[in-house]
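Asks: Let chain A serve as the given structure and place chain B on it in line with the hints.
As a plain string of letters, each chain reads:
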Amino acid sequence: MAAPESGDGNNGAARMVTLISSDNTRFEVEAAAASLSQTLQLTILDGGGGGGDGIPLPNVDSATLSKVLEYCIKHAPAAANGGAPNATAVDRAELERFDNEFVNIDQSVLYSLIMAAHNLEIEGLQSLVAKKVADMIKGKSPMEIRRTLGFPDPTPEEQAEMNAHMLEYGWAYE
Amino acid sequence: MPNRREARLSEAAASGDEDRISALPDDILHLVLSSLPSDDAVRTCVLAKRWSHLWKSARALRIYPRKSSSDVNASHRTWTWGPWTPQTLRIFVHHLLLLRGGAPLDVCDIACGELWGESGGMKYEETNQTVGLWIRHAMMIGRARALRVCFRDGRRLCLDKTPFVSETLRTVELNDVTFYDKSVDFSRCPALKKLKMNGCKIHGKRIFQMSKLVTANVTLEGLCEDKCTHHGHNDSWLDSYSGSGNAAYLESLPSCGICCGSNNHGPVCFLKAYNFGALVYFLRCSPILQKLTVRIGNCETRHPVVNRGDNYSPIEQSLVSNELKVVEIQCLQQNALVEKLITILVDYGVQREQINIEQNLSPLSLSGYETWSDDDEYYSDDY
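Heads up: the protein sequence lines correspond to chains A and B, in order. Per full-length UniProt numbering, residue 1 is the first one in the first sequence, and the count goes up by one each step. Per full-length UniProt numbering, residue 1 is the first one in the second sequence, and the count goes up by one each step.
Hints may be right or wrong, so weigh each one.
Stated by the list, open to error - Derived DEER-like restraints, expressed as beta-carbon distance ranges:
#1 A:Gln38 with B:Glu126: 46 to 54 Å
#2 A:Val109 with B:Val326: 45 to 53 Å
#3 B:Gln359 with A:Asn100: 36 to 44 Å
Worth flagging that the hints you see were computed from the coordinates, not collected in a lab. Fair warning: this is a prediction, and the values are worked out from it, not measured in the lab. Even glycine gets a Cβ: it sits at the ideal position worked out from N, Cα and C.
Only chain A is shown next, with the shape it has when bound in the complex (with noise of 0.2 Å):
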């Protein structure tokens, strides 16, 4: 179960970790929000992270790390009751905003996003960058969406596969 040992929560000093970004920058992040993170919540139940230690994450960047951290941080106190039974509809509806928001973002930025949610498996912002991209091929044919993505052109090669293709699936083009 998420949130180990914060009791109330709020009595004062939550327990803090240290996350170290690939180019070295240090973040300082309530245990709480940063366990949301599956592959961080075994270090940070065995202690980890804690004083000056600090836990490396390789793969991230500071840029995308503080991004991440802005989705835990808000995300925490709901993951924390246990998928909120008892959050009203206003708080249900302060989070929808913020991650719509918060996925309104460039692509490039968008694609670190996916992987850093990926390996730090994060779920819910895994679901939530995967319905973004879902969002941007939603309704849209194959040739929209691989502009949209920025799918290099396809080489003739690949055009008569994909004409090869369209024919085969045409039950999914009635």
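Replies: Just chain B now, kept in the frame of chain A:
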């Protein structure tokens, strides 16, 4: 075509990360494809070699309303597709389910609403069987955890012949579905946690059979009450509960919305009282009920409520839930009927000061049922 210019721009912007999205880890691509409408997911197969079979492992069947669209590829061949018709939908789903094989299918969301065009020679019975087969496939082969049905081909979908058997099914939402001669039987879905029915017609006498393990949150909304109003005689949801020996089911019911909406203030039970014998039965069998709302709506004027005195006896000891804190009676005006109800409740151990009476209830109307706010969270725990 303004799109073209935009597309060029975004292409230029993305050129540095060329193909990066297509190079994403499989886990993420599965998540992406699983949250797409299934037809969009299938169409991604032409994007790149690596994508050509990814759609098969998308863990969802998602059928949503579709707009007309077309695609012109580089060799100027045009492909078009339009709103779902009975034929195109059937062809699509059959191909999808057969070709994807036995990969897990967490979500079965057949929510295309009313189909377009003629039913293409398909008889009503055939349509019911076809959609029922998809649902059974999703339950048996796909081991679906969430099922939603919102589908209509001229008439309400009838699921009489679709057995609901699943170890994995956790949430079910049925919209606009009808059941003629059978009870709605979820007794073979031991994992079911949430059942929501909206605008359904249930003609059978015995409404629910649930697994004894179930602690389901059952919600019936909107036209679900049709049965009460159309069948005249003292039939009601309550009668149906009482007739089917569902005490075990009611015992595990912390909150229940019948006919009307619930709210955010914890366990609540709404029911529409047509006869008090059934109400007493309901109270007796709901040991963890916290709030009871009795809404006396148009039955007060349209049908004189029958007090079937022989159905209950005040001599019985108090059997009302110890948890019960508030009883709210909503009515047009406080009349003899309301007084009678209060007497019965007090006889059964409800304190008089726990009973609130709210007058000037506006007559029941469908718009009153649209106040549910938890739709968005309905599927959230199943992604």
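Asks: Against the structure, test the hints numbered earlier, and report the numbers of the ones violated in rising order.
Replies: none
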